[in-house]
Each structure stands twice: as structure tokens, then as C-alpha cells.
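Protein chains: 2
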Amino acid sequence: MPGLSKNSARLRDQERARLIWLMTTDKALTSSLLGKLTLAEQYDVGTLADDIAEVGALVAHLPPPDLADTLEALPSEERHALWRLVQDHERGQVLLEASENVWEDLIDEMSDHDILDALRTLDIDEQIYLVQHLPRNLTGRLLASLPAGERARVRQVMHYEKNRVGAIMEFGVIMVRPDVTLGTVQRYLRRLGKMPENTDKLFVTSRDKILLGELELKTILLNSAQRRVSEVMETQPMIFSPEDDAEKAARTFERDNLISAAVVDSVGKLMGRLTIDEIVDVVYEETDNDMRALGGLSAEEDVYAPVSKAVKTRWAWLAINLCTAFIASRVIDGFEHTISQLVALASLMPIVAGIGGNTGNQTITMIVRALALQHIQPGNFTFLIMRELGVALVNGLVWGGIMGGVTWWLYDDMALGGVMTLAMVLNLLVAAMMGVIIPMGMIRFGRDPAVGSSVLITAITDTGGFFIFLGLATVFLL
Amino acid sequence: MPGLSKNSARLRDQERARLIWLMTTDKALTSSLLGKLTLAEQYDVGTLADDIAEVGALVAHLPPPDLADTLEALPSEERHALWRLVQDHERGQVLLEASENVWEDLIDEMSDHDILDALRTLDIDEQIYLVQHLPRNLTGRLLASLPAGERARVRQVMHYEKNRVGAIMEFGVIMVRPDVTLGTVQRYLRRLGKMPENTDKLFVTSRDKILLGELELKTILLNSAQRRVSEVMETQPMIFSPEDDAEKAARTFERDNLISAAVVDSVGKLMGRLTIDEIVDVVYEETDNDMRALGGLSAEEDVYAPVSKAVKTRWAWLAINLCTAFIASRVIDGFEHTISQLVALASLMPIVAGIGGNTGNQTITMIVRALALQHIQPGNFTFLIMRELGVALVNGLVWGGIMGGVTWWLYDDMALGGVMTLAMVLNLLVAAMMGVIIPMGMIRFGRDPAVGSSVLITAITDTGGFFIFLGLATVFLL
Chain A
9 MPGLSKNSAR LRDQERARLI WLMTTDKALT SSLLGKLTLA EQYDVGTLAD DIAEVGALVA
69 HLPPPDLADT LEALPSEERH ALWRLVQDHE RGQVLLEASE NVWEDLIDEM SDHDILDALR
129 TLDIDEQIYL VQHLPRNLTG RLLASLPAGE RARVRQVMHY EKNRVGAIME FGVIMVRPDV
189 TLGTVQRYLR RLGKMPENTD KLFVTSRDKI LLGELELKTI LLNSAQRRVS EVMETQPMIF
249 SPEDDAEKAA RTFERDNLIS AAVVDSVGKL MGRLTIDEIV DVVYEETDND MRALGGLSAE
309 EDVYAPVSKA VKTRWAWLAI NLCTAFIASR VIDGFEHTIS QLVALASLMP IVAGIGGNTG
369 NQTITMIVRA LALQHIQPGN FTFLIMRELG VALVNGLVWG GIMGGVTWWL YDDMALGGVM
429 TLAMVLNLLV AAMMGVIIPM GMIRFGRDPA VGSSVLITAI TDTGGFFIFL GLATVFLL
Chain B
9 MPGLSKNSAR LRDQERARLI WLMTTDKALT SSLLGKLTLA EQYDVGTLAD DIAEVGALVA
69 HLPPPDLADT LEALPSEERH ALWRLVQDHE RGQVLLEASE NVWEDLIDEM SDHDILDALR
129 TLDIDEQIYL VQHLPRNLTG RLLASLPAGE RARVRQVMHY EKNRVGAIME FGVIMVRPDV
189 TLGTVQRYLR RLGKMPENTD KLFVTSRDKI LLGELELKTI LLNSAQRRVS EVMETQPMIF
249 SPEDDAEKAA RTFERDNLIS AAVVDSVGKL MGRLTIDEIV DVVYEETDND MRALGGLSAE
309 EDVYAPVSKA VKTRWAWLAI NLCTAFIASR VIDGFEHTIS QLVALASLMP IVAGIGGNTG
369 NQTITMIVRA LALQHIQPGN FTFLIMRELG VALVNGLVWG GIMGGVTWWL YDDMALGGVM
429 TLAMVLNLLV AAMMGVIIPM GMIRFGRDPA VGSSVLITAI TDTGGFFIFL GLATVFLL
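For the record, the sequence lines run as chains A and B. For the first sequence, counting from 1, position 433 maps to 441 in the numbering used here; every step adds exactly one. For the second sequence, counting from 1, position 281 maps to 289 in the numbering used here; every step adds exactly one.
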């Protein structure tokens, strides 16, 4: 008997790659899809018909999540062209799976009416999610088209901030009573005929929706139909509050290997549930944002954003960087007299500054990661500072010593070598200390420690490095 | 009826934080647990008895995953002290949940015998995982203690590289035949009495284990007991090969919202399954490694590693950084004559270098992220280069223009301002081009684009910046 092979992960990866390749290598294809080629021109391009047929077949075959990924991997024009091929009834699902960066591109050709039509193919939780985040303000119109009960729910979710559990919870839950038998539960489920996605458990509640326990699907299957729900339910499940931090909830999901979990209000009433697929998204987004922030990028820029948008999203960091570089330059300028006496200082000073920036960024990366992983508590502050100072001292003495020796040998000037060593040790100590203080201070003031830390530490180690080195040179060498 | 409140995520977070706080603020507590205090000394510390009692109660109450997280958040000595309080029968589970960084600390006081005892409380998949990764080589001894069938399995898993699906797959699967009824399946499950964790589906196989389809637990519950498995099973499930890349598999899990998926060999025979909890670990680890690599940190260093270990894991990056800084310094040295004529150049040159490094790192961060998200295909290379060059040109003209104006005004020297502008534009173009070429080239040569990219781009923009700026100054200003 032949096994399955039609749907392997690798095959789908290949199909996506092929689609992207076709879209990005055949310029005529994109133009044709966007209606920019006349019939005569289309005739002239030999492989065009074949490519159009293959692209059409791939789009028809690939499921919405793969189409969303493909759209994300295309430049703007090709993205528009491919979007036109996505069928109406799949568009809602594709929008849902695509990341926020590409939404603007996808919906800018659609009328509000088209968008609302696309949304209607989704279930209520998905509609809420999209309407909340889509760039155009469609909330009012969608709200008007909903029944009163759903409207109240949408309002409830929208009231939570984006990084709270309340904003990512789902309403699709199945509730059962504690006093019925598992057989009754199973009959009830068959009557329902379907379950929300990622349902691994049902919620056991009282008449007024107070959560009493959880009933896993596997518990229903493993136990006799005569047993009562209250006898086999889990009475100490992990529960969340809508005000809980979403990233912390993700940690708890990872820690406890959860698939779904209840969200309850302050009196214990079941409001909805968190599911692993939202959690996985939170994890990807969290780490993505941290990395972008440390690299000086905004969260909005994607790799295919047009030049104008990229310039706009990056200019702030560049301006800040330029200001700090300018300050460092003014520090050097203050020592113009020293440098004119001993030009070698000009070539040595970037070493002191560079090594400090490198060490500072190592420390910051480590602290930002440890903060994200909840490995740092206020009580550890002193320990961390002392540890980083220790590492910096050892590295400073070793590498500063080597560099001092090399300087002595190159310029045949022992005092210059000594200044080099001393400056490197001091700047590494500054870098280590600030590498701990900056992110911890940002946390203390309620800010994201990843944003701006890297720019700040580089500014300090540059300015500090130049000041320390040239200052020591002025004192000891002139 | 009162709701549940004993097990909220927030409460557990608080308990962990409290435990860490107690361990890190009361030095006497750690010493006492490690047996370093005499009875008389213990008597002298007023709150010691209370703290010991509270720590004991928290350790007894917190489940293994929380204990593992707490251990990760403690310095080495406190880690040892707390580990002594963890009960024998929980040690295996705690080891399993703890990250690789802390294993060495935890097992260095345990004999091989103790470790094997701790492992025996785990199921076979968990034992394999730990034995594969624990720093001490216990593999041979564990293998000897296993029945022959399991031994073959362990050998099979260990044969795959760490980043392959084969290395993270589990063997615990439930198989059913296609021709039985759902009622029969349910009776079979009741007889089994339990399911492996994260079981959301059963695997439908032929007699020789060829995968024919998948049967979700919810399908069993939603359909009548008389239906046959073959009528209701999913015949096009997503399947993986043991050779597939684990990070790509994680993307597929996220894309398709999977909880578990089959791993089959080349002829379609079921080998095991991937589960979402392993996948979530892969996601955390992947992004963690990328961030550490971009920040110049090795994967092994945790925030509580002792100074000696931190020095060892960081020295390579520092050495490389020092070498590149040294080369840049030699470039400046080559223009000593130019600088001695016009000392202002010494204070302006770090601006040119710094702005290039900043831009280059922005580009690299974006490309590394896009590569991880599979948003870049070979076909897009030209597009990306052109786009980054465009961004660099605009930024170079705007900010280089501003900086040139400021220079002109400061030094009352129009030619110097012109050189400044030109140098900034050129260095930004170099940064943008290399920011694309470096990570793409690393991928081409099968290397991780996150490792070393940042150091390399900084080296190029520093050296390049100094060379361009001082070179232009030599040509136009002397």
C-alpha cells in the first residue's frame, strides 16, 4: 500500500520557493497580471503563458498560510500581482495569516465593501483580531453588522492593550456542567458537530459561568462513559487573567506545555481561552521585536518596504547616532592640541573606543535576553555588576596589556603603551558597568530595555573612550 | 460556588520571584543549605529559620518546570544550595525542563549512579533527550541498562544532527488500523488507559507501519461510534522527514497551527512524531541564538556563569574585534602626514565610520531576520541590493549634507565640508552593499548568517570609513 507523500513539509516549502522564484524572475509575468501589458506584448514573451499557468496552479494548490508567507516574501509590485490571483473566499484567511507589515499593501486596492466581505468568511474571533489591527478604521462598520452579543465581546477585547492576555484571548470555548456523565458530554459534542481549533479540553463551569475545572478530550476518551465530569476533571488547572502580560503567559505555556488555558475574570468567571497558536505568534513577535530593536530597526519595516518607507522608519536612529557621534567628535576636538603634538594618538584612539563598544554590546545583549527570559530579579543587580566588572577587568588587563605591548613596540614609546593599556582597562570597566545599568534602568522606568540600549552604550563607550585615552595622554605624555 | 484561584499564572510567577528573592538576599540561607554554617552561627541569624522554612515550602509546592526556571535565575552557589532541596523523584523532571546552561552546575555534585536514578523516573523519550545532551558521557551506561528495542531507538535518534527533525522527534505514538470502527478505537484507548503528552491525534497505519492518515481525538468524539476510521480520517496530513531542518519545521507548525505531526521515513513508514512543545523550544532557542550571535555572545554563556567561564566564551570575539580595530588603526596611521597637516580630520573621522557601522548593522539585522523568516529567495538578491543602496543614497545625501554644512560652519572650510558629505555618502553605500552581501554570502557557503556578520560589517565600515574620508582629504585638501 503506498504511503502519504503529497503533503510533506518539504514539498510545500519547495512549492512556495518556486512560486516566489517565478514571481520575482519573470518581470513580464507581474506586468501582465497587473494588466500593464497589451495582448500583443504578451504574445511576444515566449514563456509567459507557461509561467502564468504554473503560477495559477500553485496559487490554487497552496493553502492560505503558505500564500500569506509567499506574499510576505515578495516586493510590493509582485505582491499586488499575486494578491489578484487569490480567490475571494480565501482572502480573509490569507489576510489573517499574513503579518501586519503586508496588510497595507494587500488591502489598498480593496474597497471597504470587499474587505468586509473577506472578513465574513472568518469566525468571530478571527474577525475581531483583524478589525482590531487592520490599518483602515473599519471597526465601526463591522460592529454595526454584528449581532448585539458579539458587539459587546468585540468592545471587551478592544479595551485591553495589545500586550495583554485579554487582547489575544478567544471566545470559542465549550462549557460543560460538573454533574453530568462523560457519556452525556460525548452526546452533547456529537450534537454540536464541531469544536473550535486547538480544542484539547472543555471547561467545566457552574450555571453562572464560574470555572470549576477542566476536562481534557483525552480524559473523555480514556474513562468509562458512566463516570461523572466532576470525578475526572482537573481541578487545579493553570488559569490566566485578562490583565496578565502576554509574553509572560507565553513563558508559562512553554514551561507547562499547555495547548490551551482558561482566562477568568476577578471573580473566577470564564471569559475565554488562550491557545497555543496565538502563543507561538507572541513568541515569534517578541523575539523579533527585541532583535530589531537591538539592531536599530523599527518593528514596521519589512524587507520589501519601498525605499521611501525604509528611509522614514530608519531616520530617527540615524539622527540619534549622528548626534552622539558629533558629541564624540567634539570631545576629540577638545584635545586638538594634544593630537597635533602626537599624531599617533589619532590612529590609536578608535581601538580604545571600538573595544569598549563591543564589550558593552555583549553585556547588553546578555542582560536583555536574561530579562526576557525572566532570569533577572532586582536582588541580583549587585551580583551582575560585580560579575561584568570582573570579566571586563580580566579582559582589559589581558587585551589591554597585549595592545599596550604592541603600541610600545610599534612606536617605540613605553609611556604611550602604558596609556593605551590603562585607557583600555578603564573603558572596558565603563562599558561593563553601563551595559548593566542601562537596560536595568530602562526596566525600572518601565521602558523596553532592547530599544535604544545599543545606541546609548556605543555613544558612551565612544565618547568615554576618546576622553579617557586622550585625557590620559595629555596628562602623562605631554 | 467559589471559582479557582489557587493556580493562576500570576501566582506562580510571584512564588518563583519570592523564592529567587529569598535565595539571593539571605546569604546565610545559602551558606546554611550548603552546610557551611555551624549550628552556633545559624542560631545567630534571626530570620534564618523562617527563611529556610519558607524556601522549603516553596520548593515543595512549585512544580518541576518552575523549579527549573528558578534554578536558571540563580548564581552558581545559590543554584547548588537550592538543588539540594529538590526531592529525588523530581530531579529527573527538573533536569529535563532546565536549559543546557545550568546542567553542568546541577549534576557536578551528583554521582553517575544518582543521575541514572534521576533519569529512570522519566519516560523513554525524555531519557534519550537528556542522555544525548548531558555534558557527562553517560550514553554507554544508559544504553546498557535499556531493553534491546529501546537501545536501537536511542541509536537511531542519536544518529541525527541536533538541528534535524530526527533529533527532536518522539517515539510515543498511538497507531490504529483504517478498517476498525471509532467505537473499537475508543475501547482500545480505554484499555491503554493513557496517552503520551500532547496527543491530539492518532496515526492510522497499515500492518507494516506505513502511514495512511491521521485521526484527531476530536474526530472520534464528534462522529458516531459506528463509523470506520478510514471514512473520517485526514488523508492529507502534514508530514515531516527526519532529515528536515528543525527550524523550518517550526515555521510549518506555526503556519499550519499544528499540535503534533507525523515523521515518516523515505518509504512512508511512521517513525515517530513532532510535538508542539519541542517546537516551542526550537523557536525560543533559534531566536535566542540569533540574538546572541548578533550581539557577539556564544550560546553557552548564561547570565550567572562565573567570571572565568564568561571570559573564556567571550575572548574570541574580543580578539577578532581587536584585530579589525588594529587594521583600521593602521589605515589611519598611513595618513599620519595628512592628519598632522589638518588635525580637524582626527575629530571628524569617527563620525564617518560610526554612521556607516550603524547603517550596516541595520541592514544586516533586517536581512538575518528575513532569512530566518524565509522571506528571502535567491531571486530577490538584486532587488535587495538596489533597495538598500537607494536607502543609503537618500540617507547619505540628507545626513551627509547636514553634516557637511555643520563642518563648513564649524571650521569655516567649504572644501572640508564637501569631503565630509562625499565620504558619508560613499561609506553609507559601502555599508548598505556589504550589509546585504555578507549575510547572503554566508548562507551561500552554508554558514549561519547571524554569527560574525556584525563584527565583519563594523570592521569594513570602520576601515572603509577612515580610508575614504582620509583619502578624499589627502586628494582634495592638501
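If you're looking for bench data, these hints aren't it; they were derived computationally from the structure. Note that CB positions come from ideal geometry on N, CA and C, so glycine has one too. Just to be clear, a hint being listed does not mean it is correct.
If you want the footprint, here are the derived chain B segments under chain A, 3+ residues with CB under 8 angstroms [as the list claims (entries may be wrong)]:
| # | region |
| --- | --- |
| 1 | 26-40 |
| 2 | 87-95 |
| 3 | 126-138 |
| 4 | 206-216 |
| 5 | 226-240 |
| 6 | 276-289 |
| 7 | 297-305 |
For each hint, the structure was consulted:
Check result for the region 26-40 of chain B against chain A: holds, 4 residues qualifying (beta carbon to beta carbon below 8 angstroms, three or more required). Counting residues of the region 87-95 of chain B whose CB lies closer than 8 angstroms to any CB of chain A gives 0, so the stated coverage by that chain is violated, three being the minimum. As drawn, the region 126-138 of chain B meets chain A at 0 residues by the rule of a beta-carbon pair under 8 angstroms; below three, the given contact is violated. Check result for the region 206-216 of chain B against chain A: holds, 4 residues qualifying (beta carbon to beta carbon below 8 angstroms, three or more required).
Here's how the region 226-240 of chain B fares: 6 of its residues keep a CB closer than 8 angstroms to some CB of chain A, so the rule of at least three is met and the hint holds. Interface restraint, the region 276-289 of chain B with chain A: holds (7 residues with C-beta to C-beta distance below 8 angstroms; minimum three). Under a criterion of three residues with beta carbons nearer than 8 angstroms to beta carbons of chain A, the stated coverage of the region 297-305 of chain B is upheld, 7 such residues being counted.
The structure is inconsistent with the numbered hints 2, 3, although it conforms to all the rest.
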